[in-house]
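Q: So the sequence lines, in the order shown, correspond to chains A and B. Here the first sequence stands for residues 1 to 111, numbered as in our numbering. Here the second sequence stands for residues 1 to 853, numbered as in our numbering.
Hint data in this document are derived by calculation from the structure and do not stem from the laboratory. Mixed in with the good hints there might be a few duds.
Listed next, the stretches of chain A that the computed footprint assigns to chain B, with coverage defined by at least 3 CB atoms under 8 Å from CB atoms of chain B [claimed, not checked]: (1) 14–21; (2) 70–80; (3) 87–93.
Computed list of chain A residues with no C-beta within reach of chain B, every gap over 10 Å [unchecked claim]: (4) S33; (5) G42; (6) G62; (7) R99; (8) A106; (9) V107; (10) R109.
Label pairs and their calculated CB-CB ranges [to be verified]: (11) B:D10 / A:E25: 15 to 23 Å; (12) A:E25 / B:A23: 27 to 35 Å; (13) A:E25 / B:R65: 42 to 50 Å.
Idealized CB from N, CA, C, for every residue including glycine.
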Amino acid sequence: MSPRTTTDALRGSLDLLVLKTLSLECTHGWGISQRIQQLSAGVLEVNQGSLYPALQRLEKDGLIYSRWGTTENNRRARYYELTRGGRRALGQELASWERFSAGLEAVLRTS
Amino acid sequence: MEEEFRFHVDMETEKRIRAGMPATDARRAALTAFGGLERHRERMRDGRGRRWLEDFGADLRYAGRTLRRSPGFAVVAILTLALGIGATTAIFSVVNTVLIRPLPVDGLERIAVVRQDLPSIGLNGTQLATGQVQDLIERPDFFETVTAFRTGDLTLTGTGDATVVTATSTMGDFFRTFGLEAAAGRLYGAGASEPGNERVAVVSYGLWQQLGGGSADFVGSAIELEGQAYQVVGVLPPEFRYPRSAQLWIPILMDAAARENRGQLILTTLVRPRGPADPEQLAAQLEAVALGWHETYHGGGSDPMRLHATSFITYTAGDLRPVLYLLLAAVVLVLLIAVANVANLQLLRGTGRARELAVRTALGASRFRMIRQLTAENLVLVVAGGAGGVWLGTLTLDALERWGPSGELFLAGIPLDPVVLGLAGGSALLAAFLFGMIPALRVSAVEPQTALRGSTRGSSHGRERNRLLRSSVVVQVALAVVLLVGSGLMIRTLSGLLGLDPGFHPDGVTVMEMAIPRTSYADSPTRSLLIRSVLERVRATPGVAAAAFMWGVPLSGVSDSSPFEIPGVLARDGEPERHAEARHVSDGVFETLGIRLLAGRDFQPSDAGGPIVSIIDETFAEQFFPGQDPVGRQLNHYFGESTIIGVAARVDHDALADPPKATAYYTTHQFAYVPNGSLLVRSGLEGAELVPAVRAAVAQVDRAIPLYDIQTMEGLVARSLGPRRLAMLALGAFAALSLLLTALGIYGVMRYTTQERTAEIGVRMALGARVGHVVGMVVRQGLAMSVLGTVLGVAGALALTRFMGGILFGVTPTDPLTFAGVTVLLLGVSVLASWLPARKAARLNPVRALRRE
């Protein structure tokens with residue numbers, strides 16, 4: 001995983017979303033974006049311009065892997081799946097995210 | 001990747017359509033949501049593994065643009081490589097084919113050509129007669145196989161139109177000597193020559209396709225050669241072509257006359273010795289045979305005849321070997337010059353680009369990236385050079401086939417040898433590539449700061465590079481000198497040969513082969529009359545100044561020779577043995593060919609039926625009738641007793657500048673045994689007009705007489721010079737090329753050094769130095785390199801040209817005129833090449849020059 005900086009934190013949240021989504025099901029890029037939208041009840045709309053580069057990066061880092069498959073409508077699409085390393089990374093990222101948001105909340109809640 | 005994006009956009013579009021949007025709007029919205037495909041692509045290209053290939057593709061395209069921006073460099077570099085590689089490979093391929101493996105036959109190196117020396121006549125390396133070959137056949141203890149053959153043209157009928165084919169008549173075991181197997185049918189053996197057997201023939205693969213369409217029925221079919229019936233029994237495999245022009249092989253009939261014939265030396269004889277290869281043993285065996293002949297048939301005595309053997313491979317390469325070696329050496333030199341030149345260009349270019357590379361480094365380009373860029377550039381260059389080399393190599397082979405010597409050589413259809421191409425091309429391209437990579441490797445050695453300043457003057461790095469450049473130029477000059485000397489000598493040789501008087505005037509004479517069908521003209525008198533009628537008609541054709549018929553046209557390689565006696569005159573001491581060439585001519589040959597008659601008269605049609613007459617040539621007269629008038633004397637030669645009626649001037653019959661042989665002419669008006677010959681026509685008309693007119697004239701006499709192989713006498717003369725001419729042309733081309741390349745090299749280096757010294761020049765001029773002084777300074781610098789190179793080159797040339805001795809004529813290998821001329825030429829070119837950039841530098845405004853710093 002790349003070393004964490006502030007810009008990475010934002011990038012990291014997208015990574016986190018992707019990893020989480022993929023831990024629930026194995027799907028293609030469009031499916032991931034729909035799923036995130038759906039799970040967040042419409043709050044989070046993934047910038048599709050960043051989604052695919054993120055997927056590529058995650059694949060290069062070995063956290064997910066991709067293969068070609070067919071959808072129900074018999075269309076060809078690239079399906080992504082978590083690797084074991086990805087699962088581990090997901091756990092780590094979730095932990096650090098919880099620490100981060102807890103700290104943030106603590107500061108913001110202070111009156 | 002594209003497909004993935006497309007899928008995504010399609011799904012977005014569908015989603016919107018399902019939500020109720022019209023199709024086109026839906027798509028547009030989807031695309032907008034996807035946020036600009038291009039940006040994605042750009043970003044993702046930075047990530048994927050496939051990007052490596054795409055990036056390199058971009059590098060290659062950039063390389064192409066860069067090279068196009070300096071077209072001079074690119075063109076010269078590519079052309080230099082192409083020429084060096086192409087010429088090298090073509091010549092190597094020819095050498096390889098001709099010298100090492102002229103035929104696809106196993107054990108070719110064991111076959112030897114047997115020839116005779118008759119030192120008493122001064123005849124060396126002649127062929128053998130049928131009786132002699134028979135003796136060799138009857139020594140199976142010496143030879144595993146023996147075969148002998150001659151080649152000639154025969155009229156073929158019985159399959160479609162009458163046509164003329166080149167036929168090789170063989171005795172002994174021709175096919176077994178080469179270890180051949182029939183592609184179809186069978187190949188006849190030695191027994192086929194025994195009288196009483198049915199006449200059989202073997203055809204070449206090409207002829208089989210041509211006449212029989214390649215069908216199996218052709219084997220066993222009947223054909224007619226000169227009216228005689230033959231049965232085709234077999235077909236040779238397609239790779240075997242020896243003699244090269246042969247289309248048909250038939251056995252020589254060994255009747256009683258043939259067995260006893262020892263005087264007509266017309267057969268090329270090949271043997272395969274028995275036992276392990278031992279040239280000494282073979283020589284001893286042949287000596288024994290020759291001595292036996294000398295005792296039995298020539299009454300012993302002094303100066304016995306000799307038989308000697310030459311390797312078949314050496315024999316077929318023949319005259320060409322020294323020439324080919326010469327060309328080989330020249331080609332190596334050219335390759336060296338080419339590589340040196342390209343290296344030069346690369347070095348110069350590298351220094352020019354140091355700045356660009358420094359900028360890119362400063363902007364953050366990784367070293368790997370720049371090396372990759374330079375690799376791409378050099379790859380483009382090298383691939384283009386290699387491709388050009390292959391193309392030029394093929395072109396060179398075509399040219400060699402068209403203008404090269406014909407004959408027993410297999411110059412047709414020689415492919416570019418892939419091994420040689422790989423070696424030559426690989427080494428040259430590798431060298432070029434490596435030199436091109438030097439700037440990349442230097443990049444890290446030079447601080448961007450220094451490179452940006454634009455000048456490495458004074459730095460050790462710069463000095464080393466200058467030294468490299470200078471030595472490269474010196475080497476190029478030296479090599480160019482060697483090449484120029486070599487080609488200069490060849491040019492002088494050739495002009496010497498061309499200036500020789502061949503004894504006749506070939507200009508304006510056209511030679512046409514004429515075949516007389518044996519069926520219609522079965523004996524000598526009828527043929528005699530035919531020739532006479534044909535000549536009458538041809539001479540009557542408008543535009544024809546003179547015409548004649550001849551068997552044994554000068555320089556055609558056709559000849560016959562036999563011993564003679566002068567009745568009443570015993571052989572004197574020291575007289576050459578009485579053996580002379582015989583040629584059959586009609587009347588008017590001397591006039592047509594422009595051969596002077598020194599005494600007596602020409603043949604006339606009225607000689608027919610009268611006492612046999614002959615005309616001897618100058619050599620004959622000088623050797624055997626010294627100080628006397630031969631006209632009116634008797635001669636006992638080819639056709640028995642004849643009266644000498646004239647003396648003709650000496651003519652080069654076999655090859656220009658060969659020692660002359662005594663020749664006697666007989667007339668077709670009395671003897672026309674040979675069923676073909678050459679029609680010689682002297683005319684001012686162009687071939688396109690003349691040939692149809694002559695054909696029409698001949699057709700008036702007999703429509704069935706073919707005229708073929710039409711060429712000019714001048715062409716024949718030129719072709720006999722073939723090998724030397726080839727050498728001259730090739731060397732001349734190489735020399736011109738190397739001169740050009742060297743000049744470019746000097747120019748480039750001088751331009752670079754003057755650029756480096758712009759500031760210095762500016763200072764000098766500001767301090768009052770005159771233009772002339774500055775120019776002189778630069779020119780002197782360039783001259784220094786050239787002088788050193790010339791000295792080295794002259795030394796090298798002196799050492800190397802002695803190996804050219806065999807092909808030179810009229811010049812010595814150390815000919816001072818040639819050496820002096822080359823030196824002057826090269827120094828002159830160097831001065832010019834240095835002067836141009838010097839002048840440009842000196843004309844600079846000194847202020848501008850200084851400001852460049």
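Q: Evaluate each hint against the coordinates.
A: Status of each hint after checking the structure:
As drawn, the segment 14–21 of chain A meets chain B at 0 residues by the rule of a beta-carbon pair under 8 Å; below three, the given contact is violated. Residue count for the segment 70–80 of chain A with a Cβ under 8 Å from a Cβ of chain B: 4. That meets the three needed, and the coverage hint holds. A stretch counts as covered by a chain when three or more of its residues have a beta carbon under 8 Å from one of that chain; for the segment 87–93 of chain A and chain B the count is 0, and the coverage is violated. Separation of S33 (chain A) from chain B is inadequate, the least Cβ-Cβ distance of about 8 Å not exceeding the 10 Å criterion.
Here G42 (chain A) stays apart from chain B, with its beta-carbon at least about 14 Å from theirs, past the 10 Å limit. With a least beta-carbon separation of about 13 Å from chain B, G62 (chain A) lies farther than 10 Å from that chain, consistent with its non-interface assignment. Look at R99 (chain A): its CB is around 29 Å from the nearest CB on chain B, clear of 10 Å, so calling it non-interface holds up. A106 (chain A), annotated as away from the interface, keeps every beta carbon of chain B farther than 10 Å; the closest lies near 35 Å.
Against the 10 Å criterion, V107 (chain A) stays outside the reach of chain B, whose nearest CB is about 33 Å from its own CB. At roughly 35 Å from the closest C-beta of chain B, the C-beta of R109 (chain A) stays outside 10 Å, upholding its exclusion from the interface. For D10 (chain B) and E25 (chain A), the Cβ-Cβ distance of about 21 Å falls inside the hinted range of 15 to 23 Å, so the restraint holds. One distance hint, 27 to 35 Å for the beta-carbon pair E25 (chain A) and A23 (chain B), holds here, with the actual separation near 30 Å.
Roughly 48 Å separates the CB atoms of E25 (chain A) and R65 (chain B), a value that falls within the hinted 42 to 50 Å.
Against the hints set out earlier in the document, violations occur for numbers 1, 3, 4.
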